[in-house]
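Protein sequence lines, in the order shown, are assigned to chains A and B.
Numbering of the first sequence is given in my numbering, commencing with residue 1 and proceeding in unit increments.
Numbering of the second sequence is given in my numbering, commencing with residue 1 and proceeding in unit increments.
Because the hints were derived from the structure by calculation, they are not lab data.
Careful: at least some of the hints might be erroneous.
[Unchecked claim] No more than 27 Å apart at the CA atoms, straight line, and that leaves these computed lysine-lysine pairs for BS3-like:
#1 A:LYS92 <-> B:LYS279
#2 B:LYS278 <-> A:LYS92
#3 B:LYS69 <-> B:LYS236
Here the structure is a predicted model, which means the values were calculated and not measured.
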Amino acid sequence: MSTFFRLLFNLLVVVIYLYLLAPLIVVVLFSFSDRSFFSFPPTGFSFQWYVAAWQSGAFTEPAIRSLVLAVVASLFAAVLAIPACLGLRRYKGRRWAGLLEFLLISPLVVPALIIGIALLYFFLRLNLIDTWIAMLAAHTLLVFPFMFRSIFVSAVGIQSQYEEASEILGASPWTTFRNVVFPFLLPGITSGAIFAFIISFDQFTVSLFISQVDQITLPVALYRYLYDVNDPVAAAVSSALVGFGLILAIALQRLGLLRHVGGQA
Amino acid sequence: MKSTRNVALTLLLIVPAILLLVGVLVVPLTEIVGASFYRANMGIIGDEFSFDNYRQILTSLLYWEIFLKTIGSALLVTFLCAIFGYPIAAHLVRAPARYQPILFFLVAAPLLVNTVVRTYGWLLILGQVGVVNVVLRQLGLTDGPLRLTSNYFGMIIGSVQVFMPFMILSIATSMRGIDRHVLQAADILGATPAHRLRTIELPLIAPGLIAGAVLVFGLMLGAFVTPLMLGGTAIKYLSVSVYMDSMVTFNLPRAIALSMVLLFVVSLAYTIQAALTKKYSQVHA
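Taking the hints into account, I'd like the entire structure generated from these sequences.
Given below as structure tokens:
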């Protein structure tokens, strides 16, 4: 009886795993199809849709834009988050510091849809819709909480004796920062940067609201293409994104950071 | 003297980050809250203060239908994530240590693939000539293709897949903390598996279950990609209505008023979670 239930349970687990992975598997299978319409089971094998995706030019520019945006937004967020963490770390537990901390992570609490609407209205009035500066401001805002949270943990852990020792030995504040404080922050900055990059690169909703033609990112370009054409070119681009996601996941697992992925959102 | 200088230095360090948050989030949010009190005419926002948008929304049966169906769908998605996420979490935590990294990878990796891509996968599976319809026809179970997208069915199927990893990881985290001896004690004392689950395991994983449920519920309420792509305008979903009002019919004030309702419900969910988490942490303290 017990073995029967165990078997049933394991079967259920396999089915649920298949359900979780099914959309990724189907997209990858379709991308190698030799027909322009979806058929199941898959027939033939070709790379033609990957070639077509590359040659269409509809995706290369958005892809480069997404990458650059993710890197620059993460960099800006780090430059703003590092001093904020250093300023707040000694006041952890105070009421006003708690309120400031909440303000700084609030982009996590407000649904992306509402941030999208707010920024659409805001940038419309400033005449900044579909501009690089608006995209950068929005992405910096969205990735900031991840950077801040990650660096703050490292910043709170720094023992003040190290800094005092550095000061007593005559180091300037800048030297103390560079040689004593910064190395302590580095792990937090690294994991913060990885998550900031992922959040920006995957961002869809806000980008859809505040871009039109010139500044669309890769997920938005893919969404538009799905509605306009919907051939395996979309599957080829999607498969590239699946591959990219899996490589990121492997890298995160190697770094021991994958368990933090579920805590995002 | 030194302390005033310290406060000044602290402020100097924090101010740039605060400027970002205030300039790109607080000000835009305040502006849209203000704008929701003005009437729109042909896409242009008027200058007469009124509660019209809220009155229209709160007195129309259509909008109440949207609210109730949205909350109902989000609750259903949360429930399904818990029901099907629980076995995966239990299996993951009890698996031999050397298989755990690969199982964990299978659960978490989909989270790193863009939601547009995952939803596109569901379009291919559930479409008119999709995997499900082809298999059903070849098995001789159906005559014509079943309509599996552009309705609640497709939206729920896709959304559960998109959000289940959050639930699994949340439940697994509190399961890891359970002392195995407690479960063995229950077995030795003759508890049936069902009894053990109800009286011992569920209370112990409750914090993870609640955190996961509120996370999924909040994410699903604000979710927009999957409801739009798999449900479309055929379903009544708050986020899709907000999108249609703002980007298609250009009634921005009404879209904003609608999204304020959404923000209210999401905040309510987080408040309930804070209260529940407090209660459970007190019980176990």
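Item to check | Index of numbered hints that the structure contradicts, given in increasing order | outcome: none
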